[in-house]
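Number of protein chains: 2
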Amino acid sequence: MDTQDLTRLLHVKNNTKIVMLVADGLGGLPVEPGGPTELEAAATPNLDALAARGVSGLSIPIKPGITPGSGPGHLGLFGYDPLKYVIGRGVLEATGIGFHVGPDDVALRCNFCTLDDQGRITDRRAGRIPTEESAPLANMLNDKVKIPGIDVFVEPVKEHRFAVVFRAKGLGAAVDDTDPQKTGVPPLAPAAHDEPSRKTAKIAQEFYNQAVKLLAGQPKANGLTMRGFAVKPHIPTYEEVYGLQAAAIAVYPMYKGLAKLVGMEIIGTPATLEEEIDVLAGAWNDYDFFFVHFKYTDSRGEDGDFAAKVKMIEQFDAIVPRVTALKPDVLVVTGDHSTPAALAGHSWHPVPTLLVADHCRPDGCTTFGEKAAICGGLGQFEAVHLMPLALANAGRLEKFGA
Amino acid sequence: MDTQDLTRLLHVKNNTKIVMLVADGLGGLPVEPGGPTELEAAATPNLDALAARGVSGLSIPIKPGITPGSGPGHLGLFGYDPLKYVIGRGVLEATGIGFHVGPDDVALRCNFCTLDDQGRITDRRAGRIPTEESAPLANMLNDKVKIPGIDVFVEPVKEHRFAVVFRAKGLGAAVDDTDPQKTGVPPLAPAAHDEPSRKTAKIAQEFYNQAVKLLAGQPKANGLTMRGFAVKPHIPTYEEVYGLQAAAIAVYPMYKGLAKLVGMEIIGTPATLEEEIDVLAGAWNDYDFFFVHFKYTDSRGEDGDFAAKVKMIEQFDAIVPRVTALKPDVLVVTGDHSTPAALAGHSWHPVPTLLVADHCRPDGCTTFGEKAAICGGLGQFEAVHLMPLALANAGRLEKFGA
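Chains as they are written, first to last, in the working numbering: chain A, 1 to 402; chain B, 1 to 402.
Next up, chain A with everything else stripped away, as it sits in the complex (with noise of 0.2 Å):
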């Protein structure tokens, strides 16, 4: 039994509201021997405010040590083992632009790449071809290459890079890359590990055969290499394990789509943290959770910028009067993982984390910050024990045994 079968034997309903609020990247590190990390650095008089009130910790978004990308540290914190529920990488791709990937689809990440007159990579990015260019390929792609039985979807994404879905009923991934990760010779042709994957291997091939037929003439991009063919694992609801009527709130396509593969309703076309909190106040009475997804803290500490990080988490803070205007009953602050600017990436620190809520029990955290988290009553803990402790908070789990 791990904990989700625990919440989906033992959840109730009530009237309770529950946010989540994500800031992307939000622990740091210090730049200087015995400064402050970016929250510690950062006035966050509203968070500051909240850790009084409530409780706080370390939240480890994997396992200590690992530093997770996107995927895995969003579906911990929505209380998914992601060492479980593992999401490939072309499955990631399409949902990170907003494609919905279904059941019957594989996924796959593709480059533009160039080939020469003997069909041999010259060049595996296509001169990072700008995505101006690119998307228009793309297009065509996704209107001409025709495949009998199939759906085959291509989706611009970036410079050289698409995403390409195959849709049928039983294809398998198993599938090897076909980019042979060296210039000077043809892509791979795609070989398959088991029977589905077999016919997916044969419908990538025909793609790829027509897909050069109609790329012949482009000067960079007349050939393209396939990577990390993936289908949808199969992932349970927010329904179902934790009998939630779930709202995701973000601004960029990956977030919304990992949100839907939990089975969240994507809610509002919002542009900015602002935009996010008014559709948040606007659908206050249509779901029992609320995810909010923050992204720039993430952004600048990917950037290295330690004071435009500090920046953003003020942003962040500003906004959080508005949150506790509407009393959610239980409200938790988090990051899907560590962004030092240090680092300029992701890292495998635990990530400073709080919890309100009338029944938590508060410690003696005055302040919302890395140092203070340490000694705080939600001690250090595995991201996925954070639904749990919300649903406890807001009086939906009932008591396990007699």
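Hints listed in this document are in silico derivations from the structure and should not be mistaken for laboratory results.
Possibly wrong hints are sitting among the right ones.
Intra- or inter-copy, both count: the list cannot distinguish identical chains.
In the SDA-like style, the derived pairs of lysine to any residue whose C-alpha atoms are separated by at most 25 Å in a straight line are [stated by the list, open to error]:
id, residue 1, residue 2
1, Lys-311, Val-152
2, Lys-13, Asp-48
3, Lys-182, Arg-89
4, Lys-202, Pro-180
5, Lys-371, Arg-124
6, Lys-63, Leu-83
Following the hints, complete the assembly by docking chain B onto the known chain A.
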């Protein structure tokens, strides 16, 4: 998927150096109410400085409340789930005396015993015969017992104890102990539980028959019992699961043997901790990872001698500057378990642990000790997570998922 499945998938190679300093049985207990533990009582300026620079925590060797032997304790530190990789007693005994147990070996622990003229045991430990008398008898058996098609190794251990290894293809180890656990009856016949083990039981019976003839006339050690039949579990190497070229530096055969089980190379023949650090410095360019084992913290704990253990911890502290002078990218200081002098034996208490690296997230700890580590940034964690943390801090793990 367990943590090693992740490290196997995610590890990359670089030029970093990781050092794991293990003070055996490091953790302790106060001997008077409100008093310090051994580590807290010791003057450890160098370890305290590391605690101030790095991140501290408490390592749970196996699971809370479980007291480990040296085998599981070290496997955990090495990142191998000690509940998955169970090393049988016979293999541990042979390993402990430096015998390299191979894939075709069944190893067992034997006791010399005293038999009366009816073949009934009168003393299960042969009067605790001293090693100088028992070792020649073991060596004699090693020379004289001959079983066609089987290599038989008989190795002295200590007092009435010796080790036996049968080497041949296809031997099982599901053979019951022959020690009846009481006197007045003869040793039991070796009873097997499956076909490959019946082969082993037959060999064991033949060994017994020849040995008893060879020991006839001995005043004390004229019989023997056999216990802990075991084969070496398949354990993947450090190279396989971490991509690390690993070296082990230890004085005692047991720890060399445990390190060899996970594929570390045993380097040098140091007799003191100072000499161990000489070996470390001399091999610095040849390996990625160094396990350095210090035995005497455990020994003095086992003696129940608080003051002597304090002194050993101070000796351990004194060599720290020689290690930091080598500038390891990641330095871990820990123990395989606690050995409180108050208990004169191994215990279940979590072990003070620290990790120093450029991108560890410092905490508020300024000393190295049990009480300080409670609020350390590593929190309380199972020992198996230490290796992934070390790898992450060495930049040797890629992101999991996109």
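To see whether the hints hold, each was checked on the structure:
1. Lys-311 x Val-152: neither (43 Å within a copy, 72 Å between copies)
2. Lys-13 x Asp-48: neither (31 Å within a copy, 41 Å between copies)
3. Lys-182 x Arg-89: within (20 Å within a copy, 51 Å between copies)
4. Lys-202 x Pro-180: This pair counts as within: shortest intra-copy Cα distance 18 Å, inter-copy 56 Å.
5. Lys-371 x Arg-124: Neither: 45 Å inside a chain and 56 Å across chains, both beyond 25 Å.
6. Lys-63 x Leu-83: This pair counts as both: shortest intra-copy Cα distance 10 Å, inter-copy 18 Å.
Hint compliance for this structure: hints 1, 2, 5 are broken, all remaining hints hold.
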